[in-house]
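K.L.:
Chains as they are written, first to last, in the numbering used here: chain A, 23 to 608; chain B, 18 to 136.
Quick caveat, the hints were computed from the structure, so don't treat them as lab data.
No residue lacks a Cβ here, since even glycine has one placed at the ideal position from N, Cα and C.
Just so you know, not all the hints are guaranteed correct.
[Unchecked claim] For lysine-lysine, the following PhoX-like pairs were computed, each having C-alpha atoms within a straight-line distance of at most 25 Å:
#, chain 1, residue 1, chain 2, residue 2
1, A, K125, A, K496
2, B, K79, A, K125
3, B, K118, B, K55
4, A, K300, A, K511
5, A, K463, A, K511
6, A, K118, B, K79
[Claimed, not checked] Negatives, chain A to chain B, calculated, CB over 10 Å:
#, residue
7, E56
8, K118
9, L304
10, K511
Given next are the chains, with one letter for each unit.
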Amino acid sequence: MKFLDSAPRFLFFTGKGGVGKTSLACATAIQLAEAGRRVLLVSTDPASNVGQVFGVSIGNKITPISDVPRLFALEIDPEAAAQAYRDRIVGPVRGKLPETVVKGIEEQLSGACTTEIAAFDEFTALLTDSQIASAYDHVVFDTAPTGHTIRLLQLPVAWSGFLEAGKGDASCLGPLAGLEKQRAQYNAAVQALADGRRSRLILVARAQNSALREAARTHGELAAIGLTQQFLIVNGLLPETEATLDPLAKAIYGREQAALAAMPDELRALSRDDVPLKPFNLVGLAALRQLLVETAPQPDAAAGESVALRAPSLSDLIDDIAAEGHGLVMLMGKGGVGKTTLAAAVAVELARRGLPVHLTTSDPAAHLTETLHGSMAHLTVSRIDPHGETERYRQEVLRTKGAHLDAQGRALLDEDLRSPCTEEIAVFQAFSRVIREAGEKFVVMDTAPTGHTLLLLDATGAYHREVARMLDAKGAHYTTPMMQLQDPKRTKVLLVTLAETTPVLEAANLQADLRRAGIEPWAWVINNSVAAARPRAPLLRKRAQNELAEVEKVATVHARRYAAVPLLEEEPVGVERLLKLADHDP
Amino acid sequence: MTTIHVFDPALCCSTGVCGVEADQALITFAADVDWAKKNGAQIERFNLAQQPTAFADNATVKGFLERSGQEALPLILVNGDIALAGRYPSRAELARWAGVKEAAETAQGSCCGGKTSCC
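Build out the structure end to end from the sequences listed, making use of the hints.
P.N.:
What follows is the structure, encoded as structure tokens:
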């Protein structure tokens, strides 16, 4: 494995959800520890399952992995980090200021912005802490800094000045204002990331066009902040030997090879390792030791019993959705589980039945919109582009609220509109506009990956509380977007998952988060089910068997109702193929 | 030299653009403060959500919070004495307290010249 050659101090694994980052990061950490190094494995994923992989409870403190000498693990829990941050601010005034005032401060500090910055703070501490440096030879991060966190490293010039000065008239820094002392730490972290002798980024992808495009985007974003030492791992490749054994395996092999052949040039330039698909689940030490070992072709062709999964189809779910005549259908789940595809499948199936449908996505990687646009009666398609919406919000605020300001005042406002928080507000406003339509037609919404959904709910909740406070006083009648999301008559949330341990666990965590927000998911959809596809190739049959226990868990423990969508021979792009996803038992 | 201290309610940020709806009063006031400072005024703002100790350590502010609650913020102190509460001052008021000449600025400045409370 090339990515392991003379490994530097910091190794970052990044990629979409479900591509196998955690397994690869764990396997790497084990390998380095067994080679005699002292290793700290860190997860920055709010839904970390590093603990589950090793069968150890880890959490927000460095914990030794007893089965592997010299290996230690830490799960940065953003919620716990945010709580610690709140305590740091509020602690000194508790008992000094009235209790209601203290509660008000805590409420203001409970937003997604605080959570993100607090987690970022812990992350940078690991890169710069001298105790960590002397105690460990390697720090392996499961999930690199992406998206939002990068923006924090690129604060507008005026803010850097503010932070360096240590105080002043707070510009729109939000919770950053309390962290001015961390400025030196941020600078040191940026330097560590930009130093190729200290930091290496490993982009993990599956051999799929969308995953590879996403990897190319991350490559560009992180190279721009100086993380230039990059490697690529293509994970879970179906071995060629399988391809001869059944049409599904042949189709998958062909698809994967075509995706690799069409890989973006910037990825092609990177040093690359291919990791073949394994017939076993990547949980437990024995399985992880196998992952990076280049094994001979998989078991004999006779192995693997045939599997017949009996599960409701997507079409069964859509029957119930269609009965209402209109409403909001939201697809939620971690990145990489196929939300966009399923949102499109639900939308085209509803439109096929002659119902008016608006399909909208906030996923920057969504490509189905182009495929579908204007190609079907009763269906309209739109995209909430976070960058476009933010720009629109800025212009709108400058035009209205900034109208009477002089040039200086407008410049100040313009600067503040670069706040890390405005994107959330802008996307929330676009989201509210769209869901208002659900009163008379179907609105099918695909939500962008990781964390984003929860940010959106958070903004929705904050808005609801604000409106409620103003209107309750007047005794007025009102409906906020939050009330709409909580009303099962108006909104149906479909949780999308794969029939694998980690994605099911992540979906269950998301369900718990939604319930805390007063939203009860309506159904679960198991996407890309190998078992539902009834494969004949032995490796696929083995995987199909592994799926059954997960499907059982979804059906009996997690979901009120569910459906399984089979892995298809052809990539589900275009109306015809999308309609196949909703099909009853083929 | 006159010192103006502004004690803001718990805000995400002082212009309010991070709020669910951008607040006109906050946007206007942020611009006015910027203007007054550029003209030599000494103004400092404290955000309840970010600097609560500044509220707790000032007896006047602490007493005000105990009596009137956070809903009564913002509170503006001029040289330590309460000058205004419950709304933000206009540019004219800031100018008067700080002894800054408003001059030609008023014409194109905020909507509230003089002592009106339209903001």
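K.L.:
What hint numbers does the structure not satisfy?
P.N.:
4, 8
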